[in-house]
Amino acid sequence: MSILELHDVTKTFGDLVAVEDASFEVSDGEFVSILGPSGSGKSTILRMIAGFETPTSGEIQIEGRNVVGVPPFERDVNMVFQSLALFPHLTVAENIAYGLKNRGVPKGEREDRIERMLEMVRLGGYGDRDPTELSGGEQQRVALARAVVNEPNIVLFDEPLASLDRKLRQHMQVELQRIQTETDITFLYVTHDQEVAMSVSDRMVLLNDGAIEQIGTAEELYKQPKSRFVADFIGDVNTVPGSVVARQNGQAIIELGDSRFPFDAGSIVDSGRDTLDVESVAVCVRPEGVRLSDTRGDSFALPGRVRNRIYRGDQVSYIVETDVGTLLANTTAAGFGVGDEVYTTWDQESTHVFASESEEAIEASGAGVGGA
Amino acid sequence: MAKEVGRISGDSGLSGSVRDFLDYIRDKPRVRLGLVIGPPLVVLIGFFILPLVSIGFLSFSPPQQTNILPGGRFTLQNYVRAFTQTVYLDVLWRTTVITIQTTAIVVAIGYTMAYSIVRFSRRTSLLLLLVILPFWTNYIIRMYAWINILQKGGVLSSIMEIVGIVQGEVGYLYTWQAVLIGFVYVWLPLATLPFYATLANMDEDLIEAAKDLGAGPIKTFLTVTLPRTKGGLIAGTILVAIPTFGSFITPRLLGGTNVIMIGVVIENQFGGAFNWPFGAALSMIVSVLVVALLVGGVRSGGNLYGMGGD
Chain A
1 MSILELHDVT KTFGDLVAVE DASFEVSDGE FVSILGPSGS GKSTILRMIA
51 GFETPTSGEI QIEGRNVVGV PPFERDVNMV FQSLALFPHL TVAENIAYGL
101 KNRGVPKGER EDRIERMLEM VRLGGYGDRD PTELSGGEQQ RVALARAVVN
151 EPNIVLFDEP LASLDRKLRQ HMQVELQRIQ TETDITFLYV THDQEVAMSV
201 SDRMVLLNDG AIEQIGTAEE LYKQPKSRFV ADFIGDVNTV PGSVVARQNG
251 QAIIELGDSR FPFDAGSIVD SGRDTLDVES VAVCVRPEGV RLSDTRGDSF
301 ALPGRVRNRI YRGDQVSYIV ETDVGTLLAN TTAAGFGVGD EVYTTWDQES
351 THVFASESEE AIEASGAGVG GA
Chain B
1 MAKEVGRISG DSGLSGSVRD FLDYIRDKPR VRLGLVIGPP LVVLIGFFIL
51 PLVSIGFLSF SPPQQTNILP GGRFTLQNYV RAFTQTVYLD VLWRTTVITI
101 QTTAIVVAIG YTMAYSIVRF SRRTSLLLLL VILPFWTNYI IRMYAWINIL
151 QKGGVLSSIM EIVGIVQGEV GYLYTWQAVL IGFVYVWLPL ATLPFYATLA
201 NMDEDLIEAA KDLGAGPIKT FLTVTLPRTK GGLIAGTILV AIPTFGSFIT
251 PRLLGGTNVI MIGVVIENQF GGAFNWPFGA ALSMIVSVLV VALLVGGVRS
301 GGNLYGMGGD
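So the sequence lines, in the order shown, correspond to chains A and B. Residue 263 in the numbering used here is what sits at position 263 of the first sequence, and the numbering runs on without skipping anything. Residue 271 in the numbering used here is what sits at position 271 of the second sequence, and the numbering runs on without skipping anything.
If you are wondering where the hints come from, they were derived from the structure by calculation, not from laboratory data. Don't take every hint at face value.
Output of the computed footprint for chain B on chain A, the stretches with three or more beta carbons under 8 Å from beta carbons of chain B [said to hold, decoys possible]: (1) 217-231; (2) 311-323.
Among the chain A residues that face chain B by a calculated CB cut under 8 Å, a handful are [claimed, not checked]: (3) PHE52; (4) ASN78; (5) MET79; (6) SER83; (7) ALA85; (8) ASN102; (9) ARG103; (10) PRO106; (11) TYR126.
Remember, it's a predicted structure, so these values are computed and weren't measured experimentally. By construction, the Cβ of each residue, glycine as well, lies at the ideal position given by its N, Cα and C atoms.
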């Protein structure tokens, strides 16, 4: 059963279209991430579900009831704010009690639930403290407890972990998953960090420029990206510009630099345009799909020279300079050195070919080369 | 070699001696502290502490003494007079009442105004400018403007006659209400600014969090906005209550002989009645009351230094 449904939700601020025709469903008890770069409209979607913004058009249903126009204090959802927004003039226990009091939960039951909640977020005995004297991680737990204790239909998260350091963030991710499993409450988590989204959520909604690019599990988004944006955003990817120079028997001949490779024409991902007309394409391959070889091997092979070799323990990363751009290869083959003339090769299965969505040129980009 | 050293470090004249001085005080924090707080301390002692002490001595002197230096005959008769003659207790009481009324009205209007500026407007700086604009005109001139408005046949009277609310000329000058209007008008900016500062400093996410947790607008205001701006509220209250309590120009100009406040009486003791010791005793009583008010306000969470922003 879906607890939350968005139907063609659009939100504009003046001329700015923040969210465009967003539609998705979330099932009861699911952990869903809304993922996208900053300015992609993910927080706006969250704020519309919480009731702080009203959609310009479209419908939002919580438990089958349209909530557009219902003020936040009458919605059965609770939010964990990016700033946490703990009440500094109230103690930890009073913060957690705030929602329960407003719901008219009697005092005895209230105290029981606060006690249990504090235990759940591992802050037993912290009830009388001031939130300002707690550490960042502890404050996160209080904010989480304040939302979850009300047992709402949905708990919304507006990137609350963004301010934590990496180690604490990873720890809190595990805690979030544990609490979600224990309480079986639907979690909707907004983040720009694909790593966080992939590790915590059952499904992800990937946003770009106010529109939904793809909805699916982490594996689906990683392995079957529906657009170049998805391939780019989820994980690392090498992108090589190419062009389709001929077609025969369902095969497209793709030219990369001086080399030509056949590729299944039906597998070229094209958003709306007739694949047969496609000329300019982006050939994408994950770094772990690229191998280094002395000979032309697999379906795709580009000659190049090793520019960098980075030993990473379980594998070795090579940055290879080719005629059409720089490629990153993560392999277990450790036998190549800087300056070696090699072939970077990869097979059809690990290749995603995207038709150029606009006239703008596709630029070659090696995955993570800048940061490597 | 020695010559060179001399040339580098031994700049002659003024800049050299300044540098010597700076070198001298570099590791003498007490001397530096003294240099920083010395001058203001002298001003404070000369123009605040000494006059206050001398007023204190004067208040224990027999009537008709005008020598403000200590050393005269000691007497409690000024205080006895102030606390036993009902006329003075009456004046103190009425001063307290009008102070409370003024403060309540100013706080209500000022807080509403500041709240509206912070929450409902984008033209914040323009509105704040309008709030402080009256300060650019002299206090006395603004009081005369009110005389012009409130007097019999004045602006207010004419408008009301044209609109048809009253027939013939009416006047509101020299009434309790006139003084109240004058006070509210004069102190409103003084309270609005600290209210604005604390409201603008408040984290708006807290309001959203309260609503998210099921609190309606009124409950959100009472449980979040009000407690979070308590410091500014108390600061504004103190800033209004204290000058109102000691005020004498406004009641004199707008209240005439009908509204006598303690400040008017004190001024009269020094100016008209030439009973300085009695005026000094009344001044000391007012000072003690005001200090008590201030201490009470700060104790209950007001923050005059931070203007309530925390």
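Hint by hint, here is what the structure shows:
Residue count for the region 217-231 of chain A with a Cβ under 8 Å from a Cβ of chain B: 0. That is fewer than the three needed, and the coverage hint is violated. With 0 residues having a Cβ less than 8 Å from any Cβ of chain B, the region 311-323 of chain A misses the three-residue criterion, and the hint is violated. For the restraint placing PHE52/A at the interface with chain B, the shortest Cβ-Cβ distance is roughly 6 Å, inside the 8 Å limit, so the hint holds. For ASN78/A, the interface hint holds, the least distance from its beta-carbon to any beta-carbon of chain B being 6 Å, beneath 8 Å.
Hint status for MET79/A relative to chain B: holds, with the closest Cβ pair at about 5 Å, below 8 Å. The interface hint given for SER83/A is met, as the beta carbon of that residue sits about 5 Å from the closest beta carbon of chain B, less than 8 Å. With 8 Å as the threshold, the beta carbon of ALA85/A comes within range of chain B, its nearest partner Cβ sitting at about 4 Å, so the hint holds. The closest approach between the C-beta of ASN102/A and any C-beta of chain B is roughly 3 Å, which is under the 8 Å cut-off, so the hint is satisfied.
For the restraint placing ARG103/A at the interface with chain B, the shortest Cβ-Cβ distance is roughly 6 Å, inside the 8 Å limit, so the hint holds. This hint is violated: PRO106/A has a C-beta 15 Å from the nearest C-beta of chain B, more than the 8 Å allowed. Because the beta carbon of TYR126/A sits about 19 Å from the nearest beta carbon in chain B, more than 8 Å, this interface hint is broken.
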